[in-house]
Every structure is written in structure tokens, then in C-alpha cells.
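Q: For reference, the chains in residue letters:
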Amino acid sequence: MSSQTAHTAPSAAAGHDEGHAHTHHTSTGLDNRKIAIWAFIGSECMLFASLIATYMIYKGRSLVGPFPHTEYVNEAGKVFKPILDIPVTSASTFVLLMSSLFMVLALQAVQLKGTMIPAGAGTWTRLQRSSQLWLGMTALFGAIFLGFQAYEFTSFVHEGLTIKTNLFGSSFFTLTGFHGAHVTVGVLWLMSLLWVDRTRGLGPQDELLVDIAALYWHFVDVVWIVIFTLVYLIQ
Amino acid sequence: MSMLRLRQAAPALLIAAALLTLSACGMTEYPNSTFNPNSDFNTAIDNLFDRLLFWGTIVFVVVEAALIFTIFRFRKRPGGAAPKQIHGNVALEISWTVIPAVILVLIAIPTVKTIFETQAPAPAGALTVEVTGHQWWWEFHYPEFGFSTANEVYIPLGRTTNFVLKTKDVLHSFWIPQMGGKRDLITNKTNYMWFTPNADLGSSAWNGFCTEYCGSSHANMKFRLFTVEPAEFESWARHQATVAVPHRTPATGAPGTPGTTTLVTVASNPSVTVTDSVPAAEPEIGYFFPAADLPDHVIPKTPIPADLPFDDGLLAGGDATRGQQSFILGGCIGCHAINGNPMAMSPIGPNLTHLATRHTIGGGLFTNDAPTLARWIKNAKKMKPGALMNTIGIGEYEPLLKGPVTAGLTDAQIADVVAYLRSLK
Amino acid sequence: MASIAAPTTASHASTEPENTGIWSWITTVDHKRIGTLYLWTALFFFIVGGFEATLIRTQLMRPNMGFVSAETYNQLFTMHGTTMVFLAVMPLSAAFFNFLIPLQIGARDVAFPRLNAFSYWVYLLGGIFITLPILFQVAPDAGWFGYAPLTTTRFSSGPNIDFWVLGLQILGISSLAAAFNFITTIINLRAPGMTLMRMPMFTWMSFVVQFLVILAFPPITIALFFLLMDRFFGTTFYAIAAGADPLLWQHLFWVFGHPEVYILILPAFGLVSEVLPTFSRKPLFGYNVMVYSGIMIGFLGFGVWAHHMFAVGMGAVADSIFSLMTMLIAIPTGVKIFNWIATMWSGEIRFTVSMKFAIALIAMFTIGGISGVMHSSPPADLQQTDTYFVVAHFHYVLFGGSIMGIFAGIYFYYPKMTGRHLNETQGNWHFWLNLIGMNLTFFPMHFSGLLGMSRRIYTYDAGQGFDMFNLLATYGTYLLVVATAVFVWNFIRSHTRGEIAGNDPWGAPTLEWSIPSPPPEYNFAKLPSVTSRYPLWDLNNPEMTSEIAHSAADAKVITDSHAVPMHIETETHTAKELGIPMPFPTAKPFVVAFSMVVMFCGLLFLRNDMFALSMTVTISGALVMVAGLYSWLTSPLE
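Protein chains in written order, with our numbering: chain A, 4 to 238; chain B, 15 to 439; chain C, 9 to 646.
So that you can see chain A by itself, here it is in the shape it has in the complex (with noise of 0.2 Å):
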């Protein structure tokens, strides 16, 4: 049956659907940007796998060294060491995994902005709501992070490995510059959520923004992870 269902009528030709602040109907009942972030990240992952990829395909298929994680002797007896510092990468790894907390962090400190504090609450209370700190937290480590892979960078290129050495360095730098270049876009993106923060503040109104940065943080981080996982850590 075609229906013809009573509905509350509404306001003659004039229509008009505003009459307060209202989010666009939606059939999810998300925001939009929610979702395309979610389809940004599901194509990000195509993009990291694909370096990813070529990077395990062009592994111990390298015809001269350096190598990752073996000593390699080249023709005129130059020996260079396994080029990959674990350590030192096992550290800034960790760095990236604790900006992501500070991001979970910020978010809830946005959440929470505004709301009462219990009487009694100790710092910690206070602290959990300052969204600035904890962006800045999450900025500062993001760029520690990105400090290193300078570092280590500029050390390999010392020790004889550029990205036009042989395939190992190719797919190497690109694959960790790739991933460098997305944290360096997720700082930028922090900072100015920051400087808004600090001059007009962010309050729960403003969830979305921070959680879409933070999902895109978060993927950033996890990312990291199989990259530490399948270069230096499987041998």
C-alpha cells in the first residue's frame, strides 16, 4: 500500500527546518567527517600496505650493502656493520606509543572541559582536563619521534646507506619517510588544534575535531608498529 502517512505538518511554504542549532540529519546518526575518516584511513592502509609490501619483497635482495641486519664486505673491503639500530629505534617507538596515550588524553580532557570538578579532586582531576597539555604532550612527543628518524636518517646516509644505494635503501626511506611524512602532517594538524585550543579553547562541542585527529594519530602509531615489526625486528 502506498502510504500515506500522517505526519506533523509542517510550517506552510516557508519550511523552514531551522528554529535552533541542529546537525543535518543523518542516517547514521555521525557526523560526516567521521565517516570519510574512516574511509581515509581504510585507503591509507592500502597505501602503507603497498610500501609495506615492496619493502618485504625487495627483502635480502639487495646486491650490495648495507644491509638491515647482516655485515656486509664490499669490493674494496670496506666492512660495514648491520645498519639497523634497534635499541635506539625500540626507543622512539616507544616515544610514538606513549603520544598516543597522550592523545586519548586530550581527547577525554576535551570531553570533560567545562564539567564539574568534585570537591576534593586532586591534581590529577585538573590535570585530566587540560586539553592543552595533553595535545602539546602529544604534539612534542610526535616531533620527539620525528627527532629520531632524523637522527637515524642522517646517521645511515654517514654510514653509507642513501635511498639510491641499492633496494634496501630505497624502499626503506621510502617507506619510513612515508610514515615520517604522515606523523609530521599529524603534528601540524596537533599544533593548530592547539593554537585553537589556546585562543578560542576547545570544549566538548569540539569532540569530532579532536577525535578525528585522534583516530588519525592512532592509525599513524599502528602503522609504526608493523613497520618496527617487519624491518627490525623479524630478521
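In case anyone wonders, no lab produced these hints; they're calculated from the structure.
Distance condition first, Cα-Cα at most 20 Å in a straight line; then the derived SDA-like pairs of lysine to any residue:
#1 B:K127 with C:G323
#2 A:K81 with A:E162
#3 B:K180 with C:G323
#4 B:K416 with C:F163
#5 B:K98 with C:W514
#6 B:K395 with C:S77
#7 A:K62 with C:M322
In this text the structure is predicted, and so the values were computed from the model without any measurement.
With the hints as your guide, set chains B and C onto chain A.
A: Just chains B and C, lined up with the frame of chain A:
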């Protein structure tokens, strides 16, 4: 409307029918047909293709008939009843999912079987031919006999040949349509393909093509396959393994007594000497496919560029000994090897050792005759787009120099080189 | 966020429906206008690609023809493929995504209107970027698939491949941005009552396509990035001397390339699924199965890529797996063919031009599908691959499939887009010339292929058995030229001379036909709610949908979204009159697109030792782009 549709569908149908019948025609019209079971490989492929064609035709007829029937039977007629609103039918959906699946299984099983059969390691006792692709010519090396040749490959009938496929530059693909499928030549990888030409074919000549786009003259990268009787093959291979024996009269008129060797100074470049050997007796040239027996389809008809002049009259006076010297002067030794000529050992370009036993030049592109060869030497790039061979003719334009060649060979010198090369039997 | 403006103060809103100046087109964020831009641009590039094909076929008309040089030919066949895939067929589909999806799902626009405009401008500029070089004879010339190592600087030292790599990266950005947009739109902006399983088939197929885009484009982005790095910065991804594996390029390319062909065909399938039920006066047979088979095709499409590589020597096991997967994907594809025929069965078929094209798709795609199954058997494929047999196969599915389906859609939706009909007589000429021309061109290629003719050859020798097939194919091409000319004439002329069309000239079932033709800027005066898959048939022909389940739409949802039961709207107002806030027209998407392409142009100079110039151009572009982006992200949509 309905009759109109049928009338207008008719041309397409007629063309299809005509073409189908034409495909039944034979060697002379379709000399590169893939449908002939000339080898074990092609027989296996043919059997598979027959099944594919069989099921494909059935599906085609059933689907198109259902479609044509439907559009005729259910066209809107004035006064027709409103159609019944059917949304689906589970039984139908299942049927037309399962039936195609069954047909595909019937294709899949012989497919997988044939894959494993044709990609098994080559049978023991197979002849090995190493194929190396270059832009835009084919190198063939026979490790068991120890020689290399170019653009013509001989294999024995009734015996398996295992082709070992490599490339020195970009990707190519090795294909002899009448013998079987193709296999790509991949940089930094070795591929293998083997087949056994049927013993009852009789000595035959076949066309081979490069079938992976490889740059400017991809279309011109051809080769010839000669499947010959085992005895003929042995004769050919043994001879190709020998050094080139120039057949010509000695240049200086000095003792050309058979059996002697003299050192001859190259007049124009005194620091160079060549060994001038006269063979003890006219040596036997091994078998090579008689020119008279060449079927039309292996004879190239590529037109010679009209703007590449050469005084053909000079060819008669070409002198092979002078030619051997000019072969050095013209820089040919930079790329071409000729066994028996210690100056010519470069592996970069086609090996020319027994060039006079070959029917084509330029990557299977032109007939191997004196006027063509002369022009090829003079300006290969003009004959074959993008050819990597330097322009030799003085005054001809060389793109790499962005100007005319000054250090090269005159037409007369080229005529000598032609004489030298045509003496390399 | 919506502004809380009373109607009289909505001074920024676009309230001039007749605004037709060029500036209005540059600043538009209206999905309908953007769809129109895509359509015109794509048809232009279709003609460019067709012209390239005509030159190709003229060169191949006779053995040793000598009409064009080898180098020119190699540029022509490369650009023909690149143009048709990236600049013609994909954008033609995009024209429909843009115009149709919001209308079909009952939305006012897409989720991100400015991003939508950005996608179009990037496409236009990318198309110009990659096409302009042919005028200077430096067009890309390594095939549309650009296999390494031929594309490395060692073998392609000119700028040709630089244009190709950078151009494709630009075009990839356009497609990706659009895909994020449509995924969000379809998931989030459906009218109340429109569950996923009530969406029109075109929207469904487009939905699957967008997922294919976001997952398939990254691999080719990376493959191209590697090539770019090799060419510009000397890395070793495809470098022979470093031991690189050319199959890396092939795998990455075909992991993109195979889903790409489903990206090319599924929208056409969707259009045909709209046209057939309308002109059969029956609903689509097996809607659920059609949805699931579309999803299966999308999913399985990621598992078959190496069937393009059966000749490279992957080994018997890999060959077998990909062979079986390829055969598997034939099943959901075949199921669609049967469901379409069943749709027409016992229907009441009206043979409009649109319907003829839709029927032709079924007939032609079947042929292409059968030759596709023949390719799925590796040993047989070793004879077929890289020959004209493949050329026949993919032209049957792309021309006989995608293009025919798109024409079905054009004839069907032209009235909705312009308010006028295309001329049926000219349409019929177009159809028959197309059908005959297409078959005459491509059917002989099945034969020339299996009779020994390789692909991508600029000429062939006499006496090889190829002559007659090539001659016929060239004649067919000339017929197609005439067909296209008739169509272009019709398309342009009918804008002003076509018969006026109302809301629903065809008696179709879906929401887009409930509003005027062309639709007002706001699409729907009141957002509609629906209770079934065929809202318009519910209204106009209730006897057609009486037997399917209808829901009572969720009352709360309707109230929240201020939707009303779906109804026919015949009056056209301005958004201002109705108090509907519209997105502001803005040039920011154009500015960001333009500056981004300028950045890519800057990169072109890197290989020519013009580092300073390159950096100047690239950095200038980057600065403008960042400024533009900042402005865009911080200004309100409406």
C-alpha cells in the same frame, strides 16, 4: 520495429558467420594461426581452447537467444495486459548460479592439469636454446654447441627444445604462434618454455614475434624459427659453431695458395693487421634452410625507405678483404662479434658469424640481400625506427650527434663490408 | 554547520537559479552543475580518445601503411588508452555519480560539496596536463600500463613519462577525493526510510565502486611514486642494475588495474539496472542478488589481478590460483546478465533509444565476458595474451559494456538534467551506427589475434593473414566516427531544441523523477521519506508495488529531519524563498586544485637541471595551496 531489428542485426550476424568460416582456412592465408597442433604445447592449448570455444558458444547461443527472444516476445503491444510484477525467483537464481559454476569447473580441471603439464621441468634430453631479448633483436645461444646467432633459431623436429628466456634490457615476449603460447622475457629473471615440434611436420619455417611492448620498434622485433629434420639440425648447429670462413679471393693478389696464412696490413690504418687465411679447400657449409623453400610468409616485405639512396652499382665491385678492414674502420667491431675474426668479439649487438646463412636482417625485418644490407649499414635508424645501431654512412643524419655523420664509411666502403659479410657462410 | 538565519538575511545563499556566467561555473559547489561539468569534459575527452583511435586504425588499415611514424603511433596508442580510461569513462561515470546519487537518495547535495568541486577541477587540470604534451609530440609513449623498466630514464629519457607519472598522480587525487565524498554521502545522507537495500541500483553499484577506488588507487599511487623517485631522484625500485624486479611494477599496477576495470563497468551496470525496469514496466528481477553480486564482484576483483600476468612466469601454483579466482568472478557477473533478461521477461518493453543501448550492453558484454573466460585459462591465454584477441575482449566489455551503458544513461537522464529530450530519430541513428560500427571494428580482432597479430604494433607486414581483419576494423571505426558525430550534434542541439520533458517522462520508480526537470538548486523542497524501493511507483502505479513489503517510516527520524512522505514536486522556487540554506558558491576549491597542479608542474623541471625554477614553481604552488586550504577549512559551508 521487430522486423527492422532483425534486418539490421543481420549484417552483424552475417559478418560473424563469414569470419567464422574463414577461420577454417589454412596455412597460406593464415600463416601465423594459433590453431594448428604443430607441437605438443600447441596441441595441449588447442584442446583446452576447443573446450573453451565449445562452452563459450553454448553460453553465447543460450544467452543471446534468450535475450533476442525476450525482446521480441515481450515488446509493448497496444492493448496488452499490464505485466506481472515479479521481483525474483530463488530457484532461478540458484540454477543460473550453479550451472555456470559447473561449466567453469569443467573448464578449470583441464586448465589446472594443462598448467602443470606445460610448466613441468623440461623432459630430459631436451635441446637447450638460450634466448636473450634486446631492443629490438633476438639473440640465440646454443650452450651445448657453444655458439650464438641472432634472429634465426633452428630446432629439430620431434625433439623437445627448452628455451631459456632472459633479457638484457626491457621486457619482451617470445612467441611463435604456430608452435605454442608465449612467455615473457623479464629483466633480472629467467623464464623457461619448452615444446616439441611434431616429427611429421617436415622442415618448415615459422614467424616469431615479440609480444610485449618494448619501445619504438617493438613491431619490428621479429625472428624466424626453422624446425628441421634432426640430421639437418645437427649439420646446421655444427657448422654454426665453427669460425666464420670468408669465401673470397685474396685482396693483394699475393699467394692465395690454399692452406697458407699471411698477415696483411690494413692500408688506411697501418697499425692494424688482419690475418688473411685461405682455407685449404672449400669447406663444407652446414645445412641452412634453402632460400628456395622459404614460404612467402617468412619473407619480409618491409619497404625500404625511399630517401635512403645507395649506389647499387658499387655492390658488384665490393671486396671482402677490404670489407673486413672497413668492418673495423666503421666501428662495427664495437658491437658485432664474428667468430674467427679476433678483432670482432663484442657481445653487444647481433653475432654476425654466419650472416650469409641467414635469410633476414634487422631483427627479421628485411631480406638479407646486398642492396638491403648496404642500406642497413648506411643508416639503420632510418630503416628501423629507434634502432640502436649507429648510423655509418658518411653524410647521413645521426640523431645522437644531432647532425650528419663525418667519421663513417663511404658507399664504396659499405659495398666492401657487404661483400665481406655476405661471404660469411 | 547550518547557520540560524531567517530567510530574509540569508544574503550569502545562492539564490539565482539562472546564474550562468563563467564565474558561476568556477565557483559552483552544486552537485548537479559539477555533474554537468564532468559530462561535458568527459565527452570532450571521449572525442579526443576517439580521434586517437581513428588515427591508430588508419595507420593499421593496410600493411606497412606509413600513415604515422612509429614514435607517433606509440604515443597515440598510449594516449588512447590513458584518455579513455582516466579522462573519458571514469569521468562519465563521475558525471552520473555527481548528478544522480544525491537525487536518488533524497539528499540536497553530497556530504562535502566543496571537495566535490575540487575533484572536478583537479580532473580537468590533470586531463589538460596529461593531454597537452601530444601537441608537442612528447606525449607518454610506453602504453597506458607503463611497464618498467621501459619507463625508467634509461629507456625513456624524454619528458614523456614524466607527464604520464605526474598526470596520473593528479588524476588519482581527483578520484580519491570524490570517493571519500560519495562513500560518506551514501552512508550518511539517505532519506528517512531508505535503507541500504532500498537504494536504487545505480547508487548501489556506485557505492561499491567508491570502495574499489579508495582501495585500488593507493597501490598505483605507490607504483607511480616509485617510478617518480627512480626517474627524478635515482632510487632503485625498477633499476635493472640494482637487481630490481620488474614484476613489482606489474603487481602493484594490476592490483590497481583489475579493480579499475570493475570501476569502469559497475556504474554502467547500475545505469542499465535503472533503465531496464523502467522500460519493461517491471521491477528489477532479483534486486538482492544484484546487490550481492555487485559486492562480490568488488570483493573478488581484488583477488584476480595476476590474470594479466599469466605470461610472466609466476609458476604453476600462482597461475592456477589466479585462474580459478578469475573463473569464480565470472559467476556473479553472469548472474547479472540473467537477472537483466529476467527483468524484461514478461514485461512490456518500450524500445526507446536508452533501452536499446541497455539491451545492447547485455548482448555485447556477454561476448566480452565469454572471451574473458577464455582468458582465464592460462595455457590458452598464453596464445591470447598480448594479441588482438585481448583488444577485442576489453573493447567488447568497455565499449560494448561501459560506453553502451553510459549512453543508455545519457539518453535516460538527459531530460532530467536539461529539461529536454534528446532527439529519438538521431538517437536511433546513433545507436545503430554504434552497434554495427562497434561490432565491425572489434569482432574481427578476435580473429586477427588468434591468427597471430600482436598488440601495440605500429604496423604489420603483408602476407601475414592480418590484412582483411584490419581493413574491416578500420571501416568499423569510421562508422563509429559518424555515430559519435550524430550523437554530439544531438547532444548539443537538444539543449535548446529538444522536446520539453516533465518530472517523469519515462514512468520510472525512483526519487529523482519526483522533482522537476531540471531539478531546482535545492533538489527537494522537503526532504522525502520513503517506504519502499520504488517510491514513485508507490505513488503513481501502486498496483506495481502492491505485493512488496512497505514499512512505516520511523516517525522520530522523520520529525528530526523534517522530512515528509515522498511526493511529486512540480513547482520550482528558489532556495531563498523556501528558506533552505544552500552552500556558498566559492572559488576556493578551484584555487586549491589549480595551485596543487602548479606544484606538480614544478616537478616537471626537476629532471632538466632546472632545480631553481622547479623549486620556485613548486613552492609557490604549495604556498597558495596551503593558504587556499586554510581559507577553505575555516570558512563555513553554508
